[in-house]
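Hey, can you work out the whole structure from these sequences and the hints?
Protein chains: 2
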Amino acid sequence: MKLCILGFGAVGRGVAKVISMKKEEMKEKYGLDLKITAVTDTSGAAIYDEGLDPNLLLKIKEDTGKISNYPEYGISKISNMEVLHKVDFDCLIEVTPTDIENGEPAKSHILKAFNDKKDVVTSNKGPLALSFRELAESAKENNVQLKYEASVGGAMPILNFAHDTLPSCNIKSIFGILNGTTNYILSRMAKEGSSYEQILKESQEMGIAETNPAQDVEGTDAACKVVILANSIMNRDVTLKDVEIVGISKITQEAISLARNEGYLIKLIGEISEDTLEVSPRLVREGSPFAVDGTLNVATLKTDLAEDVTVVGKGAGSIETASAILSDIISIYKSKE
Amino acid sequence: MKLCILGFGAVGRGVAKVISMKKEEMKEKYGLDLKITAVTDTSGAAIYDEGLDPNLLLKIKEDTGKISNYPEYGISKISNMEVLHKVDFDCLIEVTPTDIENGEPAKSHILKAFNDKKDVVTSNKGPLALSFRELAESAKENNVQLKYEASVGGAMPILNFAHDTLPSCNIKSIFGILNGTTNYILSRMAKEGSSYEQILKESQEMGIAETNPAQDVEGTDAACKVVILANSIMNRDVTLKDVEIVGISKITQEAISLARNEGYLIKLIGEISEDTLEVSPRLVREGSPFAVDGTLNVATLKTDLAEDVTVVGKGAGSIETASAILSDIISIYKSKE
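Protein chains in written order, with the numbering used here: chain A, 1 to 337; chain B, 338 to 674.
Hint data in this document are derived by calculation from the structure and do not stem from the laboratory.
Only pairs whose alpha carbons sit at most 27 Å apart, straight line, appear in this in silico DSSO-like list of lysine-lysine:
| # | chain 1 | residue 1 | chain 2 | residue 2 |
| --- | --- | --- | --- | --- |
| 1 | A | Lys336 | B | Lys671 |
| 2 | B | Lys354 | A | Lys302 |
| 3 | B | Lys366 | A | Lys336 |
| 4 | B | Lys671 | A | Lys334 |
| 5 | B | Lys364 | A | Lys302 |
| 6 | A | Lys336 | B | Lys673 |
| 7 | A | Lys27 | B | Lys639 |
| 8 | A | Lys27 | B | Lys477 |
| 9 | B | Lys509 | A | Lys27 |
| 10 | A | Lys17 | B | Lys509 |
| 11 | B | Lys477 | A | Lys29 |
| 12 | B | Lys509 | A | Lys23 |
| 13 | A | Lys191 | B | Lys528 |
| 14 | B | Lys339 | B | Lys449 |
| 15 | A | Lys59 | A | Lys77 |
Structure, rendered in structure tokens:
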């Protein structure tokens with residue numbers, strides 16, 4: 001199986017690392033022979049039909065910052081679209097930076113791959129939150145697969161879990177802590193009694209919150225995931241503008257203390273149900289599965305037969321997110337056997 | 338698909354209820370036409386090759402206590418083995434009372450079904466905890482399937498989750514709260530400051546703990562689940578006698594208070610790792626996925642790539658446990674398509 005990896009940031013590098021670690025195991029366990037035939041970054045690309053060396057890709061990127069410096073097979077200033085045109089591959093790994101205004105350029109990459117009858121695995125929330133049905137229909141028309149476990153909750157396997165693990169049950173609604181940064185901030189506010197501003201500042205210094213934290217703290221990131229879950233699991237046809245969003249920047253220490261005195265915590269919760277698409281701060285009971293702290297993600301499926309079933313996992317991390325991408329690759333491979 | 342249900346206690350009746358609720362949905366969704374051709378209890382059996390009425394089965398059992406009173410098709414004093422001999426079925430649902438001394442009579446029922454080339458779905462911990470390899474090998478030799486999601490954690494789908502959802506990862510170890518009764522007792526001790534004896538007594542009055550609570554509070558029930566997880570997920574070859582077991586009856590209020598002051602809770606934890614098979618009270622951090630209260634079950638898979646992934650669900654309940662059995666039935670059906 002030949003992979004074309006567009007984007008070589010944290011997730012793309014994670015994919016290279018995971019393939020390096022697991023190449024032999026995948027062969028033995030599944031008969032799956034993985035080859036990276038192309039990798040791109042803003043400098044250009046490395047392209048080799050017989051397969052690039054994942055460790056050398058990582059070393060070149062770390063040492064020089066530019067994948068186009070890959071010996072012999074590096075190419076400067078080639079665009080992602082040109083790479084898609086030129087390279088021999090079976091599955092596109094779309095991990096370029098996400099854009100939640102128009103989903104580009106990821107959306108065009110994915111549609112181009114579909115038109116060329118290639119499968120796609122992505123962690124890219126933008127195109128999924130803005131153009132889910134268009135992408136799903138294009139995949140269907142071209143008889144190829146689109147998989148995106150890594151786009152929601154990183155290493156928390158919520159999509160495969162909901163689709164495969166409970167075939168006897170109908171899923172009535174989904175509630176989740178879908179953003180690790182805000183969970184980290186709210187947890188520390190509850191534990192330490194410090195203000196939102198103080199903890200946000202420290203989180204930024206630690207690299208947990210971004211310099212521009214708006215997408216996390218205003219709830220947009222969680223809302224993208226709400227859209228993906230709604231479309232993928234609840235068979236809805238919605239986009240980001242359909243989600244009611246309230247972030248955490250107005251949460252005061254007083255509110256958190258009041259809640260705690262009654263045995264509750266405040267968490268930023270995404271809800272998907274028949275009538276509701278919402279991200280907002282809500283009270284959760286201490287001792288409930290939502291009372292987890294740190295950067296963990298949680299999602300609860302409310303079902304007709306099994307009541308509440310919950311999955312918890314790391315919402316971010318290079319290797320963790322790449323593990324979800326590799327699981328999707330394996331799933332595509334197994335479906336063709 | 339014709340089902341023979343041995344045992345008509347809470348789980349067996351749950352299966353009948355769930356089939357009654359979902360019969361049409363299963364046809365539409367999966368093309369699966371479920372028929373109950375036999376049900377047994379200590380009074381005898383009801384047998385009808387064209388399919389018994391699940392609602393009438395439930396009504397007869399509720400009104401008279403004896404399934405042998407089923408009109409026209411009821412039979413008194415027929416043994417389970419005779420029923421297996423006589424009845425036309427594809428899949429045995431083995432839900433007779435569990436026995437953790439020798440696993441009988443469930444073990445003989447399952448082996449008889451295998452020899453007759455029938456698949457088996459069971460919630461019965463006894464035979465799985467005592468004779469896992471023997472049963473697994475017999476299933477293999479006879480080219481039939483043995484499924485037992487309901488035997489661990491009721492509606493917490495840990496087995497299917499571990500087998501299907503994380504194909505990219507190796508599972509290094511498993512930690513779980515695998516017994517709802519003890520989790521309920523420990524949670525109330527922590528919240529209310531009452532003694533173990535007091536809460537146990539109240540739990541018995543509420544029907545959450547049994548009159549003879551030994552299997553729960555001494556850790557044997559959790560240990561059975563540890564054995565099943567070890568054999569099924571970690572590819573071990575162990576039985577109940579290989580598990581080191583310490584129960585919760587010696588846990589004092591003082592120990593719980595001391596732990597709480599440091600931000601910890603005491604939970605009865607089952608551990609399966611390369612060198613360890615153990616059930617014992619352990620400290621878990623507040624804010625961790627193990628800090629859930631009530632009768633919930635939790636299991637964390639420690640993986641090589643995705644770090645910790647946790648699933649939480651209801652550990653008991655008639656309908657909830659039956660939902661796991663129905664998921665196993667669907668899975669067997671789909672594997673033959």
